[in-house]
Amino acid sequence: MSTASESIGQDQSEIFRGTAEGETRLRDERSSDRITAAAIPAFVFGEELADLADDDERIVVVTADLAKANRAVDFAARHPGRFFNLGIAEKNMITVAAGMASCGHVVYAATFASFCALLGAEQIRTDCAYPRMPVRVVGHHSGMSMGFYGTSHHSLEDIGMMRTIADLTVVCVSDANHLRGVLRASVDHPGAMYIRLGRGRDPEVYTSVPDITFGRAIRLREGSDIAIIATGSEVHPSLQAADLLAAQGISARVIDMHTIKPLDVDEVLAAAAECGAVLTVEEANRTGGLGSAVAEVFADHRVSVAFTRHGVPDEHVLIGPPAALYDHYRLDAPGIAAVAVDALQGAQR
Amino acid sequence: MTATASTDQLLDHLADRAKFVRLETVRLARIAGAGHYTGTFSCAELFAVLYYHVLRIRPSEPRWPDRDRFVLSKGHAAIGWYPLLADLGYFDPALLDQFTRLGSPFGDHPDMRKVPGADFSSGSLGHGLSISVGMALVGRVQGRDYRTFCMLGDGELAEGQVWEAAMAASHHRLGNLVAIVDRNQLCIDGRTEDVMAVEPIDQRFAAFGWDTHRVDGHDLQALLDVFDALPASSGQRPQLIVADTVKGRGVRMMELSLAWHVGSLMGVDYDAVIAELEQGLRPLATEDPS
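Protein sequence lines correspond, in order, to chains A and B. For the first sequence, the working numbering assigns the number 1 to the initial residue and increments by one for each residue that follows. For the second sequence, the working numbering assigns the number 1001 to the initial residue and increments by one for each residue that follows.
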């Protein structure tokens, strides 16, 4: 068992249950880069909400039998009267959250992204967004971060699906500090939200908790040859890719487009105006995702720019450990840098 | 006044309000050019008993935190529900003259953001009981003694989410939750028992940990008895009331007819139906579904 999991470079127990008792580092060194458990987004979810709930009686957390995976247990331990496990019934969980919200609560409903955003899409639309309920549907282990668990557990369609829903704010989280900032900003945000998390082992992007304004991107690195507009789990490798590009004499701007909806249109237009090319990077299907949202801005504003959408091709992805998948689909730092070089060469032709 | 006289007055008033629901349904459907007649007629007595006897509400204060909640999970009956809300004073009845017209607050399915007195939006079947579970759960969190009532259709019971909610309700011991099934026998394509059997409804809910009650949903006295006998909201078991009704009840040609789930009464038919409804409920016709 442990031998088998080590042979594929990943310990399943830590995906679902966090770190083993007393252990503060994950074993999947290829994709986690020996990061500490404290820097793992999903794992600060319950702790941060518990802190917020100390001073705010409106906050309630519900989950669907994944309290350990998303660390809602940390919230439950401190606020047991405001935590409800609704079992493996995600549609019910989301709608229950909407009913709670209608009575004055701000409700965080967390489960795997594939089982809330995909399975519960209509509940998010009809019960949360349409009546503008302050429900925060938190989809963790999004994209293909579940790796070899396969397509059933992947969520590559969620960005495209969620951003077509009116009155829904869509946010992608890039690391633990970012998650804390997003959660803090979310409490008083009007209406419903979809908050997309990685698998809880995303390396650090922010060294402290950023002030988040939904709809306003964060420019992490200045540059002029190409603007890399990334979101969620792709922000960190995009920053690494910028370093690789700098070594080749290419100046890359890196933007954390954490809010997919409403999109920071000004930042997108500035990227087109001030950089030679624009590249979007997301751990999601290229169809309908961040890249499509940026393309819509260019179309609406009649902007002509060398533009490349990078993400997962429109296919059900291969079986494999996450790190191998990121390598295969060129969504790790070397892959993104290579795509950027291709994009610049294409722009020059 | 004696208790009996008072009860008779109440029954007369409830019968009158049930008639009002049916008449208004017919009137509003004519404005819209189409309407859900039969599934609204079946729950007219339920609406009347709930809104003029059972629910603890303050129409002058629609968001009163301690009010009983009512979730119309069978949102297609909103056409008969809006007039009651107007009658109780939640909004100006004249607004209903614009029912379903461009920009109206009143669609065929209710929008809580637009309709004062609507505790939640509905229209997508299978959601209402989950909404109600959420309302009941936080009633406990907030230490309030309100009850949450949810009215479902019988065909709706084929939606899987209903059973997710039913399971959650008993697991979390929601004695402050009351589900009402308008057992009007028909869904769109036929009898429920032919399209997707839902019986035995009470036994199924009982197996999910609910207390169950079964009643003639057009018998006002029987409805009063069952609602008045519900245990206190501090109880530990959710309550189910299966109201045996007749889809289309009140208009002979519509009773257990598949033709009038959505329809449009015109001309002499309209006038004849109004005249029939004005007489109040008559004995049931016994025809088979057309």
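These are computed hints drawn from the structure, not numbers from a lab. Source: prediction; values computed, not measured. Among the clues, some could well be false.
Stated by the list, open to error - Beta-carbon label-pair distances, calculated as ranges: (1) A270/A x P1093/B: 20 to 28 Å; (2) A1197/B x E122/A: 22 to 30 Å; (3) P1283/B x E122/A: 26 to 34 Å.
Stated by the list, open to error - Facing chain B, from chain A, some residues (calculated, C-beta under 10 Å): (4) V62; (5) R82; (6) A101; (7) V107; (8) T126.
Virtual Cβ for every residue (Gly too), placed ideally from N, Cα, C.
So, going through the hints one by one against the coordinates:
1. A270/A x P1093/B: 20 to 28 Å: Check failed, 54 Å falls outside 20 to 28 Å.
2. A1197/B x E122/A: 22 to 30 Å: 25 Å, holds
3. P1283/B x E122/A: 26 to 34 Å: Because 42 Å falls outside the window, the suggested range is violated.
4. V62: 9 Å, holds
5. R82: 6 Å, holds
6. A101: 8 Å, holds
7. V107: This hint holds: V107/A lies near chain B, its Cβ roughly 8 Å from the closest one there, short of 10 Å.
8. T126: 5 Å, holds
Taken one by one, the earlier hints fail for this structure at numbers 1, 3, listed in ascending order.
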